[in-house]
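Engineer: If you read the sequence shown in our numbering, its first letter stands for residue 304, the second for the next number, and so on.
FYI, nobody ran anything at the bench for these hints, they're computed from the structure.
Watch out, some of these pointers could steer you wrong.
Said to hold, decoys possible - Here are the simulated lysine-lysine pairs, DSS-like style, with alpha carbons at most 27 angstroms apart:
1. LYS540 / LYS552
2. LYS1123 / LYS1179
3. LYS741 / LYS488
4. LYS627 / LYS654
5. LYS644 / LYS613
6. LYS1052 / LYS1006
7. LYS654 / LYS506
8. LYS540 / LYS570
9. LYS944 / LYS1014
10. LYS613 / LYS641
11. LYS506 / LYS552
12. LYS874 / LYS996
13. LYS684 / LYS474
14. LYS874 / LYS366
15. LYS613 / LYS422
16. LYS536 / LYS506
17. LYS874 / LYS928
18. LYS338 / LYS760
19. LYS1120 / LYS1052
20. LYS473 / LYS640
21. LYS654 / LYS640
22. LYS422 / LYS366
23. LYS741 / LYS505
24. LYS640 / LYS506
25. LYS996 / LYS760
26. LYS640 / LYS613
27. LYS632 / LYS505
28. LYS474 / LYS613
29. LYS506 / LYS338
30. LYS654 / LYS644
31. LYS613 / LYS632
32. LYS627 / LYS488
33. LYS680 / LYS654
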Amino acid sequence: MAEVAVSFLLDHLTPFLQEEARLLGGVREEVVLIKDELDRMKAFLRVADAKEKDDTQLQVLVKQLREVAYDTEDVLDEFMLRLAHHDGDGCCGFLHKIAYSIKSLIARHRIASELPKIKARFDNISKSLEPFRNIEQGSSSVVIGDTWSDGRGDALLIEEAELVGIEEPKKQLIGWLLDNDSPLKVVSVVGMGGLGKTTLVKKVFEDERIKPQFQSHAWITVSQSFNMVELLKNMIKQLYGGALPQEMKIMNNNNELTEVIQEFLRKQRYVVVLDDVWSIGAWNGIKHIFPNNNCGSRVIVTTRILDLAKTSCLESRDYIYEMKVLSDKKSWVLFCKKTFKDKTCPPHLEKISREILGKCGGLPLAIVVLSGVLALKDKSKTVEWVMVQRNLGGELEDNDKLERINKIFSLSYFYLPDYLKICFLYLSIFPEDHEIEKGQVIRLWAAERFAQEKERKLAEEVAEGYFNELLNRSLIQVLEEKIEFSPTRYRIHDLLRDFIISKSRELNIVTLASGKAILCPQKVRRLALHNSSRNVEENKCFERLRSLLVVGEVEGLDNSSVSSILRGASKLLTVLDLRGVSLETFPPEVSELVLLRYLCLRNSNVKFIPGSIGKLRNLETLDLKDAVVTELPIEIGKLRKLRYLVAGYLVVGPVEIGNFSFLQKLRSIWAGEVNGNIIMREVGKLTQLKSLKISGLRTEDGKILCSSLEKLGNLRTLWVDADARRGKWNEFELLDLKTLSSGPPLLQKLHLFGHLEETPHWIASLHSLVLVNLTGCKLRDDHLLQWLQDLPNLQRMSFQDDAYVGEELCFKAGGFKSLKYLGLFVLQELRWVRLEQGAMPHLEELEIGHCDLMGYPIGIEHLTNLRSITLHRVDKLKPQNLSDRDRDDAWDDNKLAHIPHRYIRIWHTT
304 MAEVAVSFLL
314 DHLTPFLQEE
324 ARLLGGVREE
334 VVLIKDELDR
344 MKAFLRVADA
354 KEKDDTQLQV
364 LVKQLREVAY
374 DTEDVLDEFM
384 LRLAHHDGDG
394 CCGFLHKIAY
404 SIKSLIARHR
414 IASELPKIKA
424 RFDNISKSLE
434 PFRNIEQGSS
444 SVVIGDTWSD
454 GRGDALLIEE
464 AELVGIEEPK
474 KQLIGWLLDN
484 DSPLKVVSVV
494 GMGGLGKTTL
504 VKKVFEDERI
514 KPQFQSHAWI
524 TVSQSFNMVE
534 LLKNMIKQLY
544 GGALPQEMKI
554 MNNNNELTEV
564 IQEFLRKQRY
574 VVVLDDVWSI
584 GAWNGIKHIF
594 PNNNCGSRVI
604 VTTRILDLAK
614 TSCLESRDYI
624 YEMKVLSDKK
634 SWVLFCKKTF
644 KDKTCPPHLE
654 KISREILGKC
664 GGLPLAIVVL
674 SGVLALKDKS
684 KTVEWVMVQR
694 NLGGELEDND
704 KLERINKIFS
714 LSYFYLPDYL
724 KICFLYLSIF
734 PEDHEIEKGQ
744 VIRLWAAERF
754 AQEKERKLAE
764 EVAEGYFNEL
774 LNRSLIQVLE
784 EKIEFSPTRY
794 RIHDLLRDFI
804 ISKSRELNIV
814 TLASGKAILC
824 PQKVRRLALH
834 NSSRNVEENK
844 CFERLRSLLV
854 VGEVEGLDNS
864 SVSSILRGAS
874 KLLTVLDLRG
884 VSLETFPPEV
894 SELVLLRYLC
904 LRNSNVKFIP
914 GSIGKLRNLE
924 TLDLKDAVVT
934 ELPIEIGKLR
944 KLRYLVAGYL
954 VVGPVEIGNF
964 SFLQKLRSIW
974 AGEVNGNIIM
984 REVGKLTQLK
994 SLKISGLRTE
1004 DGKILCSSLE
1014 KLGNLRTLWV
1024 DADARRGKWN
1034 EFELLDLKTL
1044 SSGPPLLQKL
1054 HLFGHLEETP
1064 HWIASLHSLV
1074 LVNLTGCKLR
1084 DDHLLQWLQD
1094 LPNLQRMSFQ
1104 DDAYVGEELC
1114 FKAGGFKSLK
1124 YLGLFVLQEL
1134 RWVRLEQGAM
1144 PHLEELEIGH
1154 CDLMGYPIGI
1164 EHLTNLRSIT
1174 LHRVDKLKPQ
1184 NLSDRDRDDA
1194 WDDNKLAHIP
1204 HRYIRIWHTT
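Please put together the full structure from these sequences, using the hints given.
Structural biologist: Below is the structure:
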């Protein structure tokens, strides 16, 4: 598959030609010719990729094309490496300019000699591909139909096993179909491939309660490669009872066939299933067929695409059923039913069976198929089962039954747009069951240039769109977490991960090293280290290495081993992620990687960043979170392309931070020094900033910060920590934020740590605010809840460490309509929490900790959506001035009876 490499190179060439036109001189024409040739090949390659598996000669040519594409990228980047230069002053500056001019001539000469060779290789491959170009003439749907169509056999495979846990969703879908609403309704069933969407809908469609209620029925498999005329004729055939009228057989006009269907359905109550719809465009082309005859008709759509499900159900938003993987318990029931034919698992096989089952990740198709393989194994020979477990990744390709799973994943992959394929395969860098951090992935994709600026969107915004698209296609799963307005951690299904590892290795996207002998291509481009660095240092395949990533805990990595790897690696390195590595000092080799765009030393023991970091002029991400660095060198000011700078809590940065005009995230910068006022003024120049954390803010610098915040119209997250008084970390200086006329309009998260004289009035204007966290503010005025309660998007709110110092918090009726989480911690003066009926109607989780209360929250019975309450180390005080009956009522456990999850740890009564 050369399509991914060629598409990536084309994306690389366009900005290269725009940005480096002046430097290229006469060789620019050669680059343009190569780009034109790649453009011509690209349309052919998508079709060729589908046929490649069946043609050895085509496989060889496609591999050669992929290698030439990679070599072209190398030549262009070597050109940029040779042109990299450093500033100098005075006489040194003059000498630098002379040296740079000489280097520029040498670089142009080098690229001028290499590009014709590259062009000749492309020409030769293009000629060799000529005999295959006839397949380009046929429609892509024919190719896809021959090679990739999954039919619906996999659905039948699951059906034979009778999906475990199907009764509840079946009941819900039947209820939607048979409700009393007369208008046409669309019901969508959405989820990743292999979950059993088709099986579920088929059970509903064939249920004895359904067919008598509808006069007409049709089941249409749409798939990616559907033909509209054939689809319409198939629907007519089913509606007419199995035979297509003779006069309609010769019809080939969409409009005529559509009119036939609409006329037939106009006065009937009908139910039509559209199984396996792959795009919103397909839905838009089909939906107009169905007349809204107010007869209670229903259309059922199954799809892997969440946005499609939402689009199809615009008029019936509540009719979307999102299928999830099976729970561990239900997975085990299905596994035993198929593997042991309804018998229990033998004790000696239970441990290995559960380990194998874990690989299925609750995916019904995987469980059924894998069970079918194990059912044929000798139950007395545990070793045979162990071999299946060890070789499960390889078995996906080698076993005919398991190939069904691979086929499901291949189909999802094949229909990804080019720009998503390489992003998706890149996720193979993460180990099994690894929690994937969305922000990290977005920054890596941007640094790798998988996502680039377009249509006024920053590269990171484009990358986030790509991530959400993979999520929307059910290829990434959200991890279950506590209530959060936006999930940040995700995972990939284990078997899907096996698939992308195999595909990534085939295309030389990522090479994995986990302590075993590395099965690497001749030229490794991206290396991800898992578990151990053994066999890496002595490897000689790293001369073209672009990315080195440490993911998870890796044994044997320290300063010596990292330096050894970097000395043998390419100077073309653009991504270096050494998070969690036991580094004591900054590796000196890093400063020579002048093309580096991404550097992560998170969770290391590095204390000092040398001035030589100023050489890294292309650096966009510098991640020092949870390292022990306390000061950044002045030379860091030369890194004008920085977009993401994250350091520790007490890091002193350069005074002139306003030079970082592209900076989007700055966390955290220490402002508790004599230059704090200058730093706060410089912050106002960072107009692209989306996330800002200020630590150690002094009272006298608050007004300057407010002035700067007025200029930060793109800010989404603001975190301000006041300076501690005389080293007492539980006592903060006054935060003077009164002079801010209105808060940043797009602000979503607000964290304020420090003493506030009064609630800032501008909080009431933060209509985009989703999360607020106040700590140590010592507020006692009535405006605190008054100005927060009407914010339309506020979902998460917490007060900590005497953020509020009154005796009662009263949540008024009609307030906090979107709030889902409320946390109250270490509020020493608080005695009562009062909840009026109609307040916080959507609250799901309430946590109270280290507070001295006189009773459970008054009115808690009104919170009908509350599913979890935690009272941790709450002192149970006896209410004063109350009768004995009222005192008992204050702590009546029956008030909490409607809450499913209760975690109560009450301390002594006084």
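Engineer: For each hint, tell me whether it holds in the structure or not.
Structural biologist: Structure-based check of each hint:
no.	hint	result
1	LYS540 / LYS552	holds, 10 angstroms
2	LYS1123 / LYS1179	holds, 26 angstroms
3	LYS741 / LYS488	violated, 35 angstroms
4	LYS627 / LYS654	holds, 25 angstroms
5	LYS644 / LYS613	violated, 39 angstroms
6	LYS1052 / LYS1006	holds, 21 angstroms
7	LYS654 / LYS506	violated, 33 angstroms
8	LYS540 / LYS570	holds, 18 angstroms
9	LYS944 / LYS1014	holds, 20 angstroms
10	LYS613 / LYS641	violated, 35 angstroms
11	LYS506 / LYS552	violated, 31 angstroms
12	LYS874 / LYS996	violated, 34 angstroms
13	LYS684 / LYS474	violated, 42 angstroms
14	LYS874 / LYS366	holds, 25 angstroms
15	LYS613 / LYS422	violated, 47 angstroms
16	LYS536 / LYS506	holds, 24 angstroms
17	LYS874 / LYS928	holds, 25 angstroms
18	LYS338 / LYS760	holds, 24 angstroms
19	LYS1120 / LYS1052	holds, 18 angstroms
20	LYS473 / LYS640	holds, 20 angstroms
21	LYS654 / LYS640	holds, 17 angstroms
22	LYS422 / LYS366	holds, 17 angstroms
23	LYS741 / LYS505	violated, 36 angstroms
24	LYS640 / LYS506	holds, 19 angstroms
25	LYS996 / LYS760	holds, 24 angstroms
26	LYS640 / LYS613	violated, 35 angstroms
27	LYS632 / LYS505	holds, 24 angstroms
28	LYS474 / LYS613	holds, 21 angstroms
29	LYS506 / LYS338	violated, 52 angstroms
30	LYS654 / LYS644	holds, 18 angstroms
31	LYS613 / LYS632	violated, 30 angstroms
32	LYS627 / LYS488	holds, 23 angstroms
33	LYS680 / LYS654	holds, 16 angstroms
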